[in-house]
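Chains as they are written, first to last, in my numbering: chain A, 1 to 843; chain B, 844 to 1204.
In short, the hints are calculated from the structure, not lab data.
C-beta: ideal position from N, C-alpha, C; glycine also.
Be careful, since some hints might not be right.
Only pairs whose alpha carbons sit at most 20 Å apart, straight line, appear in this in silico DMTMM-like list of lysine to aspartate or glutamate [to be verified]:
{"hint": "1", "chain 1": "A", "residue 1": "Lys659", "chain 2": "A", "residue 2": "Asp513"}
{"hint": "2", "chain 1": "B", "residue 1": "Lys891", "chain 2": "A", "residue 2": "Glu253"}
{"hint": "3", "chain 1": "B", "residue 1": "Lys914", "chain 2": "A", "residue 2": "Glu309"}
{"hint": "4", "chain 1": "B", "residue 1": "Lys914", "chain 2": "A", "residue 2": "Asp306"}
{"hint": "5", "chain 1": "A", "residue 1": "Lys554", "chain 2": "B", "residue 2": "Asp905"}
{"hint": "6", "chain 1": "A", "residue 1": "Lys554", "chain 2": "B", "residue 2": "Glu900"}
{"hint": "7", "chain 1": "A", "residue 1": "Lys759", "chain 2": "A", "residue 2": "Asp721"}
{"hint": "8", "chain 1": "B", "residue 1": "Lys914", "chain 2": "A", "residue 2": "Asp578"}
{"hint": "9", "chain 1": "B", "residue 1": "Lys891", "chain 2": "B", "residue 2": "Glu958"}
{"hint": "10", "chain 1": "A", "residue 1": "Lys554", "chain 2": "B", "residue 2": "Glu922"}
{"hint": "11", "chain 1": "A", "residue 1": "Lys759", "chain 2": "A", "residue 2": "Glu724"}
{"hint": "12", "chain 1": "B", "residue 1": "Lys885", "chain 2": "A", "residue 2": "Asp262"}
{"hint": "13", "chain 1": "A", "residue 1": "Lys554", "chain 2": "B", "residue 2": "Asp912"}
{"hint": "14", "chain 1": "B", "residue 1": "Lys891", "chain 2": "A", "residue 2": "Asp621"}
{"hint": "15", "chain 1": "A", "residue 1": "Lys554", "chain 2": "B", "residue 2": "Glu915"}
{"hint": "16", "chain 1": "A", "residue 1": "Lys186", "chain 2": "A", "residue 2": "Asp239"}
{"hint": "17", "chain 1": "A", "residue 1": "Lys466", "chain 2": "A", "residue 2": "Glu445"}
{"hint": "18", "chain 1": "A", "residue 1": "Lys554", "chain 2": "B", "residue 2": "Glu918"}
{"hint": "19", "chain 1": "B", "residue 1": "Lys914", "chain 2": "A", "residue 2": "Asp322"}
{"hint": "20", "chain 1": "B", "residue 1": "Lys891", "chain 2": "A", "residue 2": "Asp262"}
{"hint": "21", "chain 1": "A", "residue 1": "Lys718", "chain 2": "A", "residue 2": "Glu385"}
{"hint": "22", "chain 1": "B", "residue 1": "Lys885", "chain 2": "A", "residue 2": "Glu253"}
{"hint": "23", "chain 1": "A", "residue 1": "Lys609", "chain 2": "A", "residue 2": "Glu483"}
A few chain A positions that, by computed beta-carbon distances, are all more than 10 Å from chain B [what the hints assert, rightly or not]:
{"hint": "24", "residue": "Met198"}
{"hint": "25", "residue": "Arg246"}
{"hint": "26", "residue": "Ser457"}
{"hint": "27", "residue": "Thr498"}
{"hint": "28", "residue": "Asp711"}
Chain B stretches covered by chain A per the calculated footprint, using a threshold of three residues with CB under 8 Å from any CB of chain A [stated by the list, open to error]:
{"hint": "29", "stretch": "879–892"}
{"hint": "30", "stretch": "917–930"}
{"hint": "31", "stretch": "961–974"}
{"hint": "32", "stretch": "1045–1054"}
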Amino acid sequence: MRKPIAWVLAGLVVLALLMLLPRPAEQPESTSAGPEDGDLREAIEETGRRGALVDEVVFTQESDVGRIAGLIERGRQQVFAQGITNITAYQRLRDSRKGDYETAYGSNTELTLNPAEFEEGLNPFSNRRIREAMNWLVDRRHVAEEIYGGMAVPRYLPMNTAFPDYARLAETARSLELQYGHDPEKARRIITDAMKEMGAIRRDGQWYHNGKPVTLQILIRTEDARKQVGDYVSNLMSDLGFNVRRQYRTAQEASRIWIATDPAAGQWHIYTGSWVSTAINRDVSSNLSFYYTNRGRPDPLWQAYDPDETLDNIARRLERRDYTSMEERRELMAEGMELAMEESYRIWLVDQLSIIPRAANVALAADLAGGIAGSRMWPYTLRYEDRLGGSMTFAAPSILTEPWNPVAGSNWLFDTMITRALNDPPLLPNPYTGLYQPQSIQGAEVTVTEDTVAQRSQDWVELERKETIEVPADAWIGWNAEERRFRTVGDAHPEGTTARSRTRIRYEEGYLDGQWHDGTEMSLADLVLPWILSFARADENSPFFDPAHVPRFKVFQRYFKGWRILQREPLVIEVYSDQVFPDAETIVAQQALSPLPWHMLALGMRAEKAGDLAFSSHKADANRVPWLSLVSGPSLATLERHLGRALEQGYLPYASVLKGMTEGGNPAQRRYSAIQDWYRERGHFWVGNGPFYLHSVHPVEKTVVLRRYEDFADPADKWLDFSEPEIPEVTLDGPMMVTQGKSATFNVDVTFGGDPYPKKAIRNLEYLLFDADGNLQTRGQAEPAGAGRWQVSLDADTLSALGDGANSLEVAVTSSRVALPAFASHAFATVPVGTRLMEVDDE
Amino acid sequence: MSSRLRDFRRLGWFTLRRVLALFVTVLIGVYLTIIIANMGGKVDELRKIQIRATVSESVRADPAFMEMDSKERNELIQEQVQLQIEQRNLDEPFIWRSFDYLAQAIQLDLGRAEEMHSDSGSRAVYDIIVERLPATLLLFGTANLLVFFVSVYAALYLSRRYGSRLDRAVIGLAPSSAAPAWFYGIFLILLFAFVVPVLPAGGMVAIPPPADPWVYAGSVLEHLVLPVIAMFLSSIFISIYSWRTFFLIHSSEDYVEMARAKGLPSNLIQSRYILRPTLAPIITNFLLMLIGLWSGAIILEQVFNWPGLGTLLFQAIGHRDTPVIIGGVVIFAYLLAVTVFMLDFLYAILDPRVRIEGGEQ
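Chain A with its partners taken away, still in its complex shape (with noise of 0.2 Å):
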């Protein structure tokens, strides 16, 4: 008996001493050559290299944001994608020498409000004066630096902070922001003026009404930190004679009873809401109408909202775009986001930061609102700071999620993020602006209508207004699945019609000449195939027709009006459409075609045909067939079976029109043969033209391979200037002290990262003067006075308009380089003539 105890004891001893034996640390390999610390731009000139900068990523999965900081000081990990908030894992990748992180302010925390008039019992929040005076009662800089612990910045509008529309309005903003500073006392001399109105009584610190004390319920979030969040205003409540009921709930929870139940029925006061955005918004002018309008959702809440007509009059042209100018749009923000701090529906309390974890020699463009899986731009920043090429690894909370194709395919957040590296698009959005950058046009030209506004930012693009837009008989504006051909607008449209915009794209020279990352050639039918099956997949003849995809198309039919290829080499199209954008550069971005390889989608729509697989899983589930994935899965066999049959038939889809728009020779043959060949050697039939090409998918263990498409067209550096967000560092400087009759100069020191901010790229620099009860004096432009440093000069008059007292000088910078706005204050007296100064007293 003992030998056999003896025998499995020694095993696990020596199993145990083998899995312990020290061995080298697993260090990426670099495959190319490049200097340790030189100079990357030059390592690229001098290797050629194209396309990515690093020669391998994989993407794992890790739910355990706990092990992050760790995993990446071990060098076991190189980026986690998802923005985490947790405080304890911000403090050690802070204090860490291996690891960093990027910073994103997508998300935000807000107090949504119940505005009802119960049906039982008092609710105080229908009172506007009471939910208004909710701004002054909370501390936001309490919020965000104690109980998000300096991971959030305080908000007090329903705009994001780091969006442009907060930039262009950041007079008003900071105008707004020194009107609702938090001032307990002013908000329970309002809140109690206001419930004596309404009919209740104060007795013994404690709110009665009909003989009852108001209670209010207050629906707290626990998942993070808006459960302290909730505390504390139930505190603040509690505090002012309000009997609190805390009901702590998750998400799920809560959102039976906030959304789903009528607010009347008196179940809920306060709820601790939150909002994200996963990618920079440029334009939030609707956000006054999701907010505070019962335009914003069907829900039974927002149903409830009533708001003071000119608000609602505001929100609805802004919506619609019914103003003339940019000048008209900003005053009618601006008088909007007045309006709605007095309706206060919500209160605005912090804009969130996420960190998103990366170790310290890494260095990619992270979007400023959506992190890195938000942004576009990452496949083409990702790399070492110290040398050229590497492995990466980086880890998601999932991937995988569900199955990849490019028509209907996973749009998690995180499968998304991995694909954008596999396809290159015409048009990249810039992280830290979200204006758009072209990535393969040369240049774009934009005419709209004279009654529509729209801005150029660059040069690529050109803008032009013209007073009416005639769309040409010969462009396509549809496709007749029956008849399988183009319908034009002349047989749309025989009277002829009218669009709002006309926009002209150059691709760059050759970019039809590209190639797939199975070695193919790339086509027009690249461009044209994805547009007909749009079509084809909304009309109820075609094979592929999907009703999951038809609302969708339906909106986008209401605003499309033709296109047509004007040249093809370069390759120019037009597009006409009546769908505007404040921007040219989004206009051009949301017409600009993309190509995906006809032959991969051939597959697909074979297998759809068949009934074998479905593309949408809503069209999966109502033919009880698998979803199509390219990757992995049922599909694989299924997609391998149809091309076997493809390359047999030489299956072109849409011969009769596609026909003439393929590469020459025998084109079917040759597509199918590389991608076939493209499946034997991976395993997978995802193909596209990116600066990664997938290599490997391995469902079960959650990991996805991507390699560097060496033939990329492009240089390595080619965006390599957009790996940090240069956010102006601003530093105010002036006089303590200004007798009257005096006049005062201050400077204002723009930098970023010790160096002065360059001159060009500051879009604006306003300062703003307040006086001691904080009323706004008067505001105007900084003048330029050297590198990077600019003056506010206010004469004798101005400063004498403020009396005697504390008063506060407030600058705003802009930059065109990154959204984000930055501040500076400086507090100043303005003192009677004779009062000794306390600069001559330091002399």
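Given chain A's structure and the hints, the job is docking chain B onto it.
Below, chain B alone, put in the same frame as chain A:
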């Protein structure tokens, strides 16, 4: 001949009654699961709210819809919400759906998941479960078999050395099993993945998975070490303790004392006089341990990032994906029923004292 016929008739009658009883038990168990998993139909309401919120936010965030006015946008939201509700059959009353779920489950037609997919992208519940099965069997099979055999053999050994130092040490360590495996797991990860980084912190295989099958197998073994040790540590001492006590009781039976008095060799006493009569409970324990592998261990799998059935069930509960929850439960219920059924016969084979009810005692 007539006696044998009577035996067969008794056997047939017994089998029929057992099968029926077990079937009814499975039926009730599965239907209760359906009702509980759906909170009596309340989950429908939650899922509808969730669908509405998700659709509303996705429409609002999409620049393509920005120029629509609110009325049109809300109509679009409503249309998409309705499509998703129909896709998930949430427009049907829960009570009817619950019987559909039951009928399908009992026929082992696991159907399609409502929210989840297998890792490779299949919607079929069968694929979703089968995909995770090997990982679960590997981890829990290795650990449980190791614990089972080591503890049985160690217990036999200790039962012969009652009161020895080793015996007292094992008894002293038995309370260490109060801590669950995931608790040991956290410390083991901290120790061997971070302080002395010689083993991986989690996952089933290296990242990226090696292409060579042998290297892949080696990598899986490497990743298996820490979770297996965690499971082993958390249950070995209590397991040895309980088997040891069991064997001690049986070692003091009269017939064992008689065998000792007759001077039979201790190996023979152990195998024939102690192990043989205790085989029935040992096999029961072994079989229940085997089917227990089915459920995995939610927290342990989370701690080690192990793609097993426990994590799957956890995700299914999170997604409120009734077919996947039912799929997991119904297979377990059938396995349990079959095991119990088999044990009834095994007892009769292993222990001559056991007779079918109604037979001679």
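At a Cβ distance under 8 Å, does chain A reach at least three residues of the stretch 1045–1054 of chain B?
holds (count 7)
Within a Cα-Cα threshold of 20 Å, do B/Lys885 and A/Glu253 meet the stated pairing?
Given that 20 Å is the threshold and the Cα spacing comes to 11 Å, the pair holds.
Please confirm whether A/Thr498 is truly not at the interface, meaning its C-beta sits more than 10 Å away from all C-beta atoms of chain B.
17 Å, holds
Check whether three or more residues of the stretch 917–930 of chain B sit with their beta carbon closer than 8 Å to a beta carbon of chain A.
Check passed, 9 qualifying residues.
Taken at face value, is the distance from the CA of A/Glu253 to the CA of B/Lys891 at most 20 Å?
With Cα atoms ~13 Å apart, B/Lys891 and A/Glu253 stay inside 20 Å; holds.
Within 20 Å, alpha carbon to alpha carbon, are A/Lys659 and A/Asp513?
Holds, at roughly 17 Å.
Below or equal to 20 Å on CA atoms is what counts here, so check B/Lys914 against A/Glu309.
18 Å, holds
If you draw a straight line from the CA of A/Lys186 to the CA of A/Asp239, is it 20 Å or shorter?
14 Å, holds
So if I understand the rule, the pair passes when the alpha-carbon distance is 20 Å or less; does B/Lys885 with A/Asp262 pass?
OK: B/Lys885 and A/Asp262 at ~18 Å, within 20 Å.
Holds or violated: A/Lys759 to A/Glu724, with C-alpha atoms at most 20 Å apart
19 Å, holds
Holds or violated: A/Lys554 to B/Glu900, with C-alpha atoms at most 20 Å apart
Distance of about 19 Å is within 20 Å: holds.
10 Å cut-off, C-beta based - A/Ser457 kept clear of every residue in chain B
About 17 Å separates A/Ser457 from the closest Cβ of chain B, which puts it past 10 Å; holds.
The structure agrees with every numbered hint stated previously.
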